[in-house]
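Engineer: For reference, the chains in residue letters:
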Amino acid sequence: GAVVSQHPSWVICKSGTSVKIECRSLDFQATTMFWYRQFPKQSLMLMATSNEGSKATYEQGVEKDKFLINHASLTLSTLTVTSAHPEDSSFYICSARLGGRGNQPQHFGDGTRLSIL
Amino acid sequence: DAKTTQPTSMDCAEGRAANLPCNHSTISGNEYVYWYRQIHSQGPQYIIHGLKNNETNEMASLIITEDRKSSTLILPHATLRDTAVYYCIVILPYSGGYQKVTFGTGTKLQVIP
Numbered sequence: 001g002a003v004v005s006q007h008p009s010w011v012i013c014k015s016g017t018s019v020k021i022e023c024r025s026l027d028f029q030a031t032t033m034f035w036y037r038q039f040p041k042q043s044l045m046l047m048a049t050s051n052e053g054s055k056a057t058y059e060q061g062v063e064k065d066k067f068l069i070n071h072a073s074l075t076l077s078t079l080t081v082t083s084a085h086p087e088d089s090s091f092y093i094c095s096a097r098l099g100g101r102g103n104q105p106q107h108f109g110d111g112t113r114l115s116i117l
Numbered sequence: 001d002a003k004t005t006q007p008t009s010m011d012c013a014e015g016r017a018a019n020l021p022c023n024h025s026t027i028s029g030n031e032y033v034y035w036y037r038q039i040h041s042q043g044p045q046y047i048i049h050g051l052k053n054n055e056t057n058e059m060a061s062l063i064i065t066e067d068r069k070s071s072t073l074i075l076p077h078a079t080l081r082d083t084a085v086y087y088c089i090v091i092l093p094y095s096g097g098y099q100k101v102t103f104g105t106g107t108k109l110q111v112i113p
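As you go down the protein sequences, you meet chains A and B in turn.
Position 92 (the first sequence) corresponds to 92 in our numbering; numbering is contiguous.
Position 1 (the second sequence) corresponds to 1 in our numbering; numbering is contiguous.
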């Protein structure tokens with residue numbers, strides 16, 4: 001089946017550091033990728049939708065300058081958490097859609113657990 | 001997208017069928033019903049999706065009522081590895097650009113030995 005790889009799986013860093021998370025579709029081309037955030041014991045919250053070659057669409061309340069998204073190819077999207085602070089600590093998950101228009105499902109990566117000290 | 005309502009938690013005996021309900025009474029005619037599950041500390045796993053006909057794959061069956069206002073995910077023979085949070089979501093077909101996806105709180109299924 002469709003495989004989405006996310007790297008790193010976990011990261012611990014100091015406050016003020018910028019952290020980059022990669023999301024790759026391994027066996028298919030993904031025109032659209034999605035970034036989610038999940039706090040403990042809560043559901044997934046969509047942060048942004050990323051289309052290859054264009055600017056990401058951010059959900060209300062998500063700071064564009066804080067969470068930089070780049071989707072430069074059909075198999076790679078990156079999320080950079082800039083100047084991270086303890087409140088940015090969370091589980092970040094990406095997903096990718098197989099194909100273009102239609103009802104193909106999203107396939108998710110295994111997530112990145114980010115801890116800011 | 002329409003919202004969904006699911007029970008907070010359910011238990012199921014190992015080897016028995018697990019039937020997970022979902023209400024989506026405001027679903028529109030062209031919205032699909034998708035089911036995902038999330039095992040602790042992992043990303044969600046796609047299970048199945050459908051529009052109005054019942055669907056079956058190697059993981060599960062999806063039963064959608066005729067009025068499409070509710071659906072049931074059936075795991076025919078639950079195992080301990082099926083313990084997870086199960087999410088039912090409804091989504092419009094992707095038409096380019098932006099797609100809104102809203103995850104609810106899901107159902108925490110506990111499979112009991």
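These aren't lab readings, by the way, just hints derived from the structure by calculation.
Virtual Cβ for every residue (Gly too), placed ideally from N, Cα, C.
Accuracy of the hints is not assured; some may be wrong.
Said to hold, decoys possible - Just the calculated beta-carbon pair ranges, DEER-fashion: (1) B:N57 to A:S73: 42 to 48 Å; (2) A:T82 to B:N53: 45 to 51 Å; (3) B:D11 to A:W10: 17 to 23 Å; (4) B:S95 to A:K55: 45 to 51 Å; (5) A:E63 to B:N54: 40 to 46 Å.
As the list claims (entries may be wrong) - Below, simulated DSS-like cross-link-like pairs (lysine-lysine); rule was C-alpha separation at most 25 Å, straight line: (6) A:K55 to A:K14; (7) B:K100 to A:K66; (8) A:K55 to B:K108; (9) B:K52 to A:K41; (10) B:K100 to A:K64.
To be verified - Partial selection, computed: residues in chain A whose CB lies under 7 Å from chain B: (11) F39; (12) P40; (13) S43; (14) L74; (15) T75; (16) L76; (17) P86; (18) I93; (19) G102; (20) H107; (21) G109; (22) D110.
Engineer: Run every hint past the structure and note whether it holds.
Structural biologist: Here is how each hint holds up against the structure:
no.: 1; hint: B:N57 to A:S73: 42 to 48 Å; in the structure: violated (30 Å)
no.: 2; hint: A:T82 to B:N53: 45 to 51 Å; in the structure: holds (46 Å)
no.: 3; hint: B:D11 to A:W10: 17 to 23 Å; in the structure: violated (31 Å)
no.: 4; hint: B:S95 to A:K55: 45 to 51 Å; in the structure: violated (18 Å)
no.: 5; hint: A:E63 to B:N54: 40 to 46 Å; in the structure: holds (43 Å)
no.: 6; hint: A:K55 to A:K14; in the structure: violated (29 Å)
no.: 7; hint: B:K100 to A:K66; in the structure: holds (21 Å)
no.: 8; hint: A:K55 to B:K108; in the structure: violated (36 Å)
no.: 9; hint: B:K52 to A:K41; in the structure: violated (32 Å)
no.: 10; hint: B:K100 to A:K64; in the structure: holds (17 Å)
no.: 11; hint: F39; in the structure: violated (13 Å)
no.: 12; hint: P40; in the structure: violated (10 Å)
no.: 13; hint: S43; in the structure: holds (5 Å)
no.: 14; hint: L74; in the structure: violated (15 Å)
no.: 15; hint: T75; in the structure: violated (17 Å)
no.: 16; hint: L76; in the structure: violated (17 Å)
no.: 17; hint: P86; in the structure: violated (20 Å)
no.: 18; hint: I93; in the structure: holds (5 Å)
no.: 19; hint: G102; in the structure: holds (6 Å)
no.: 20; hint: H107; in the structure: holds (6 Å)
no.: 21; hint: G109; in the structure: holds (5 Å)
no.: 22; hint: D110; in the structure: holds (5 Å)
Hints 1, 3, 4, 6, 8, 9, 11, 12, 14, 15, 16, 17, counting from the list given before, are not met by this structure.
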